[in-house]
Amino acid sequence: MDAPTVVAPTMKGTALAYVRTAPAAAISPPTATVGVLAWFRERLFSSIGSTLMTIVIVLLLIWSVPSLIDFLIVNATWTGSDREACLPSQVRPEVGACWPFIGDRLAYITYGSYPIALRWRVDTFFAMLTFGTAWLLWLDAPRRDIGAIYFFVVLPVASFMLLHGFAPLGLAIVDTALWGGMMVTIVVAAVGIVTSLPVGIVLALGRRSEMPAVRLLCTLFIEIVRGVPLITVLFMASVMLPLFLPDTWSPDKLMRALVGVALFSSAYMAEVVRAGLQSIPKGQYDAAHALGLSYLQTLRLIILPQALTVTIPNIVNSYIALFKDTTLVFFVGIFDFLKTIEAARADPKWATSVTSATGYIFAALVYFVFCYAMSRYANRIEKRLAAGENR
Amino acid sequence: MARPWESAPGVPFYRDPKYRGIALQIGLCAALGYLAYAAIQTASENLARSHVASGFGFWNVVAGFDISQTLIAYSPQSSTYGRAFWVGLLNTLVVAGLGIVFATILGFTIGIARLSKNFLVERLATCYVELIRNVPLLLQLLFWYNAVLKALPEFAASFALPGGVLLNNRGLFLPRPLFSDGTYILVMLAAVILLAAFFNKIAGRSAGFWGTIAVRAVFTLLIVVALPAAFFILAGAPVEFDYPQVGRFNVRGGLEVLPEFVALLVGLVVYTAAFIAEVVRAGLRSVSRGQTDAALALGLTRLQTLRLIVIPQAMRVIIPPLTNQYLNLTKNSSLAVAIGYPDLVQIFTGTVANQTNQPVEVVVITMLVYLSFSLITSLVMNFYNARYALVER
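Chains as they are written, first to last, in this note's numbering: chain D, 1 to 391; chain L, 1 to 393.
In case anyone wonders, no lab produced these hints; they're calculated from the structure.
For glycine and all other residues, C-beta sits at the position ideal for the given N, C-alpha and C.
Please note that the accuracy of each hint is not assured.
[What the hints assert, rightly or not] Result set (BS3-like, lysine-lysine): computed pairs, CA atoms no more than 30 Å apart in a straight line:
id, chain 1, residue 1, chain 2, residue 2
1, D, K349, L, K150
2, D, K324, L, K150
3, D, K282, L, K18
4, L, K117, D, K383
[What the hints assert, rightly or not] Short derived list, chain L residues pointing at chain D, Cβ under 8 Å:
id, residue
5, G21
6, L138
7, L142
8, Y370
Build the full structure now, drawing on both the sequences and the hints.
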């Protein structure tokens, strides 16, 4: 490369000199750009700051990981029938997690106080739900339209008959006060998921409607519900519903919480769907109209399939948020998964200094597995949707 | 918006979308109006039958219950429910305000760490975000409170942290500064902040020595720290600290911070920081690689590129979702009920609603408070967007 030593005249006639008059010294080639050594240099020791960070983190890991493993596995108690097993003793001064506590209470934190003889009904519900979910989540599954009908129509009715009971089929009624544990968490999440999508679509369409009264009502509902904490919506549902409904209807505690969760998740879903609707270009509406489709046909055949497909990742993300939010039914006296853990933890039979930590770690693990799986799924869909653009 | 269903000539009015729309809206309003009327009718019947008072008369009635953390004067014997409301609101604002500050610092650090070239830094940040985002906040709060803070040693065996801070299962004990004259300190603080802001404004206009960020930072620091320190020494150091001491039955002296407050603050900060980190990461990644390359080609240093090119453009993407996270943190502070921190929901929607037996009024007031938070935030956001949004031609 030649060094530019030319002196260029500017418009005013004064000379403008280039700063560099000689070629810059050549930089020596990097010693290695591929291989293990290069990776280490590039990703761990690229500069003084990076090296310091690496050392600090390695020290942190050396300090924390072994003690975590000690607590969870090495020092943990694996067998036992009550708190005695998890108490520190002369032989074992350091006690880790108390796993028999989880084993002992597993039935309680799964089914709550649901009658033991009838728990097969809950298991059937779990199986049906898993089947429906798998059908919908597997994008290449056959007849996903039937899957949708199964999930949004058949499943809710069947689950209600199974869990609550249905006298004509000989299924005895089980009071919802006995429901508890993971089963309630799943029921609350499933009700939120099943109602929020259709209601959210209607609200989103309403918010984008050209009819002022419809638009105003939908916007008000969405903004008010999104502006307040879920806990106040749940309180509202639990104090207002019995007040505003005639005595003969009086919904039970679980029903009130379900109404609260459904309202809340619908408002959030409406905004997710609205974002999807906004991504559809106007030309799609025009083309549908030119083909002579009616408003409902346009929505059903042209707009919603596209809008919902692009928002699947966001829909799944709002389901993750909903799944985490189900823990808040705790506050209106419902024994969901977290509340049963809380109750089990306080049980004198198992009360030790490590019981709380064990219970919370187990609960966190369960929630993490569910939420992380959903977020991985959303990620995969996102990649699949972007595949067309990344060719 | 497309209007493909516009009226056309020769269509009877009952098939005309315009009239159909009007009919639909009238029907909808009538149905909702009837539902509301029926609901209110039932409610008033139910209320009359149960002899529960309604209205907001309870506001001026003496509350009669104690609150563990009060920032304004409050006594169970003479203060009213209205006063208890303000106590709760202030407690909510304190935890939300501090939470926002710490969550922003932690969130930006982790967000930047997720884009780090250093493998360990990036992995650690990713693990943090994935772990925290996928576990419910309520569970995390219970964990911090019951499994961490309650498992701390008794006060007699308090952890002594640097700076005379004590930590035990009764909370955090900080040294309390004792000023000979409080107002004088506040005036001075205000003067120093004004001076620093004024200096920055003037210096920011300069393109030379005074305008460089390092010079401005050093002088701002001098104004904020060195100037008051000099005054203090000149005035004979009128400040003393009341250090917390381990006594016989409790910790004496110092500034006591409730364990509930510590657990709530830690839980909210740790949780929200994971979301802020994602916002920051998305914002920084939204600035295309070409911008950085172009800036470097123009001869800007790495730091200048970051300060003048990347951050201003990233902030435009970061700010709206960031305010959303601030709002979420404020709303999530209502989970304080679970661990017994006396925030607005715990005091008002909990205790007051139970004592007055007027939950509807109480819940409505609480909702209005949170709604006004979000309304104010969205007004500020609209103002911000109008000012900083990219003007497209």
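Comparing the hints with the structure gives:
1. K349/D <-> K150/L: holds, 20 Å
2. K324/D <-> K150/L: Distance of about 24 Å is within 30 Å: holds.
3. K282/D <-> K18/L: Since the Cα atoms of K282/D and K18/L sit roughly 21 Å apart, the hinted pair holds (cutoff 30 Å).
4. K117/L <-> K383/D: Given pair K117/L, K383/D holds - Cα atoms ~23 Å apart, limit 30 Å.
5. G21: holds, 5 Å
6. L138: Holds, about 4 Å.
7. L142: Status holds, d = 7 Å.
8. Y370: With a closest approach of 5 Å, the Y370/L hint holds.
Going through the hint list in order, the structure satisfies each hint without exception.
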